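Protein chains: 4
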Amino acid sequence: MKDVHALPPRPGSLTLDRVGISGVRKPLRIERPGRVVPLSASFTLAVDLPAHRKGSDLSRNAELLAERVDWPDATPVASLEAACSSIARELLGRHPYAERAEVRAEAEYFLPRGVRPGRSSLENFTLLAEGLARREGERIVVRRSIGAEAVGLTACPCAMETARDLLEKEYPALRAPELAQLPVLTHNQRNRTRLRFEVDEEVEVEADRIIEAIEAAQSSPTYAILKRGDEARVVVDAHRNPKFVEDVVRDLLTSLPERFPDLPDGAAAFVGTVSEESIHKYDVLASHTATLGELRAARAP
Amino acid sequence: MKDVHALPPRPGSLTLDRVGISGVRKPLRIERPGRVVPLSASFTLAVDLPAHRKGSDLSRNAELLAERVDWPDATPVASLEAACSSIARELLGRHPYAERAEVRAEAEYFLPRGVRPGRSSLENFTLLAEGLARREGERIVVRRSIGAEAVGLTACPCAMETARDLLEKEYPALRAPELAQLPVLTHNQRNRTRLRFEVDEEVEVEADRIIEAIEAAQSSPTYAILKRGDEARVVVDAHRNPKFVEDVVRDLLTSLPERFPDLPDGAAAFVGTVSEESIHKYDVLASHTATLGELRAARAP
Amino acid sequence: MKDVHALPPRPGSLTLDRVGISGVRKPLRIERPGRVVPLSASFTLAVDLPAHRKGSDLSRNAELLAERVDWPDATPVASLEAACSSIARELLGRHPYAERAEVRAEAEYFLPRGVRPGRSSLENFTLLAEGLARREGERIVVRRSIGAEAVGLTACPCAMETARDLLEKEYPALRAPELAQLPVLTHNQRNRTRLRFEVDEEVEVEADRIIEAIEAAQSSPTYAILKRGDEARVVVDAHRNPKFVEDVVRDLLTSLPERFPDLPDGAAAFVGTVSEESIHKYDVLASHTATLGELRAARAP
Amino acid sequence: MKDVHALPPRPGSLTLDRVGISGVRKPLRIERPGRVVPLSASFTLAVDLPAHRKGSDLSRNAELLAERVDWPDATPVASLEAACSSIARELLGRHPYAERAEVRAEAEYFLPRGVRPGRSSLENFTLLAEGLARREGERIVVRRSIGAEAVGLTACPCAMETARDLLEKEYPALRAPELAQLPVLTHNQRNRTRLRFEVDEEVEVEADRIIEAIEAAQSSPTYAILKRGDEARVVVDAHRNPKFVEDVVRDLLTSLPERFPDLPDGAAAFVGTVSEESIHKYDVLASHTATLGELRAARAP
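Protein chains in written order, with this note's numbering: chain A, 251 to 551; chain B, 251 to 551; chain C, 251 to 551; chain D, 251 to 551.
Keep in mind the hints are simulated off the structure, nothing from the lab. Just so we're clear, the structure is a prediction, and the values are computed from it rather than from any experiment. You may find that some hints are simply not true.
Identical chains share a label here; the pair holds if one copy fits it or two copies do between them.
As the list claims (entries may be wrong) - Heads up, simulated SDA-like pairs for lysine to any residue below, C-alpha to C-alpha not over 20 angstroms straight-line:
#, residue 1, residue 2
1, 252, 479
2, 419, 432
3, 304, 537
4, 419, 430
5, 419, 431
6, 419, 483
Kindly generate the complete structure, drawing on both the sequences and the hints.
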């Protein structure tokens, strides 16, 4: 049977940066201390294509993915990013004409959260993982990225100040010194924040700690179960911790040296946040990229 | 050329409720007092299919839509719902084997809004329209529906009460009688509310007034341009008007007899609202359907 | 602490059809013969609200859902629809003021599929489930619905005929009697089809058989792994089995009496299909609803 | 009123790459030869933020956008990319602390298309535009990008070869020399392709010609209105022009030197394509970036 993909393309053809498959849905199991966690992930697998070849053998991508994650004898993988980086490495084995391979995955992930004992339930987060492999002479060098997105709450610090000004005019009693620390009303809303590290293949980062870091940088986490008293507590605490999107990004990045002391200076951290503003029909966003080395230097006195 | 659609299907075939096309994007122009408004709409056009026919001539649907809304000599239509109902009627002319036709459209729509002069800008809303035609003997009877969705803000009345309880414990000065009416903090969020009327073909409802009715039932409209002072005003006002989703639906339905006195008792009103809760990762919803006659009876003392 | 939800609303308030929470993401485990399958589901839980009550206690919905599906001692549920109907029943226990409760869930689901041994991998489908409970005097009566969506392929029968006409003019040799049965080219595309049964609470329907029924009604299933020879086989077979959306709906409904002989005559079957036409930027759809009794009567000679 | 945004943030704060607003929906009018075209666009506007400032004055972004595109006296803009680049430039005026500004917009766009006279109707495309401004000493330098996405059809060249092999075994008459050029069946599907140029501010590129270039690189454009004979013609022609995603990207890039002779060598072209494979539940993608200079060099003999 003729192999159309392997044919030479028209003379003068271009190399291509990326050829692959995307939106491939797969269940997989990842190992966590003391448990195995099932995930439903969406995968993208791509390689580059040299000028002398008409097509990329895409069925190899789908086949490799099935071998690694869904075949009956598939053992659980160490992590989503471990799956991505090992598949990226092996993609270069199956596409000998390729110089670079990338594997990206996104999966819903659940962790128990609760404002108090007896109120705990599973909250949904998103895991983000990548494996990026490239040939360097005879070797294959792999970078991986591991990240997560958490939905939390932000309360606006600016509207809180200006609302206090306005309320103090109408209610002079609010100016009483005993009420100077009273958190007043402001607009608050859903905030989606992502933190992603790009590191060498052998570096491990625990996804649960990424999610904890994000939640700590928002005005408050959000919860599925909030009885009346809990709801008041969450709302008041969030108003004591008002945050612009700028604050979320800065506070999250600034927390990384202490939270991830083992990460090498060359590790890159990408933070992006979006607040779905309650007072506007549009969103507000902020993002920044820095290496751990830069973040450590910024903290040094 | 063989007409496969007109062939008889296999013996014992079923009639079908709906066969049609959906997601057809079209620009059109609607007439408003003193102006012509351009819209980009997404259309669905469908008819039923009798048992004796293999297929529905779907190219007639696309052709009719083009004739009515996008051909160079197309004059502006009176309204999106007028376009839907007249196309639904004509669909029965082009599918003589059909008993029922439906045409649905959804389009983004802009109206000027502002908290004060000089702060006005165009806010985005969604228009919802339908035409539903059916044969009754020799006649074709058409019902139309006209509606809209507006994004606004809701502030939670329950968390406001419980947050006050909690704050009063920490700040006893908050119990001062002069502060009894002080609006305190609560969670607030984006709220999307739809109001849709189903009426006979000749009944007109002005879309702008539907949008005004929705905005009046939320804790506050939202605005693209809010300078610092404006933002405080919007947030404080919204906290003086806290609303559950239940309140949004009830207040909106209850306002209809006064806002739409010309609508006949047989007009049906559908209201649905979704609050994208800032304290949860999930949404809260409420919906209800009632005729104008029922709503008028509910208001009678 | 004041219970704002239980307060009487303004005089003359309306009852409400539905108040609830939606988009609640939860992992759960369902039992299948010989295995336990993990799912990530999105839930909606709602009840009606009487006129004398301001709000619905929505935290009870979230709490109940957590108790049933995500608490550490949660045992696997029999099925997604069993979870929905038992939660709907219990919702009426926790909202004593409500007359009706509905629970809807949607979840990604995987089954092994392959064109031949060694090519099998997990394909993704969607499970659809509902539980609908209502009070009848002292009793609670529950209906459940169980369904699925499968993505497959449809090849157009009409364009195949007209393309043959056109090709025969250019290639008279194609009119050779030996080529009369040769399947010729036509447009083909992704087709998404849903089948859903609404039945009494005690009726069981196996989701895997629903998916098999859908796949059998499309021109062909689709597969993650297709090596060159497989791909040709799938494409040729699909072209030997061309289908309009009308055919998909009719063939699926017509197959139900034989595929589901145990379903009672009162069971309702809902079928909807959408073909993402390769030759248009819009979709083509068809849908129909019938009871098993009606489908059995239609097959009788 | 206190200006919280202008406050110094905590000591040791970071600069931020991007702070802005996104998902801002606006109608605007662009000038085309002999006509004014209304668009509904979604905008993102962002600037960087220095370390010494707590927040970015985001209301300035919304206000500037309103001034330029939606205020009653707003004159039509020359093009979507002209609006983006002029707004990006002015953003630096209104955020004097910022070094870089970006404005991105996406809008639905319609052009008449038809397989023959009398079959023409408006087809929907997507316009993509950006303005990227940065300070260079006293000057502000602006780059703009202008692009579009078109949905068309691709027919697979590989499955066509392998299907022919398979069919020839079953129908030896198909091997007749007169049928050697007969296009045979293969899988075909919706293809979405984007072409975007990044150029200096003064460079003009006509969006309609970008869309024409994309359509010419797919197996065929797609059309809203196709009567039976037209449909056969489109399908047959597409099968005479089968394309991998690799071919779409290469053919499109290769066509650019001839189609856009006025573009400078430094103009960068980004091409990305996705085929929504009819035989798989997942998509296939390819992408590549090259400068016009590189593309011209690749064509030189």
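Against the structure, the hints:
1. Taking identical chains as interchangeable, the C-alpha atoms of residue 252 and residue 479 lie at most 20 angstroms apart only when they sit on different chains, with a minimum of 10 angstroms there against 70 angstroms within one chain.
2. In this assembly of identical chains, residue 419 and residue 432 lie within 20 angstroms of each other by CA distance both inside one copy and across copies; the values are 16 angstroms within and 11 angstroms between.
3. Taking identical chains as interchangeable, the C-alpha atoms of residue 304 and residue 537 lie at most 20 angstroms apart only when they sit on different chains, with a minimum of 14 angstroms there against 39 angstroms within one chain.
4. In this assembly of identical chains, the alpha carbons of residue 419 and residue 430 lie at most 20 angstroms apart whether taken from the same copy (14 angstroms) or from different copies (15 angstroms).
5. Within a single copy, residue 419 and residue 431 get their C-alpha atoms as close as 17 angstroms, and across copies as close as 14 angstroms, so both meet the 20 angstroms cut-off.
6. Taking the shortest alpha-carbon separations for residue 419 and residue 483, only the inter-copy value of 12 angstroms comes in at or below 20 angstroms, while the best intra-copy value is 27 angstroms.
In summary, the structure agrees with every hint in the numbered list given earlier.
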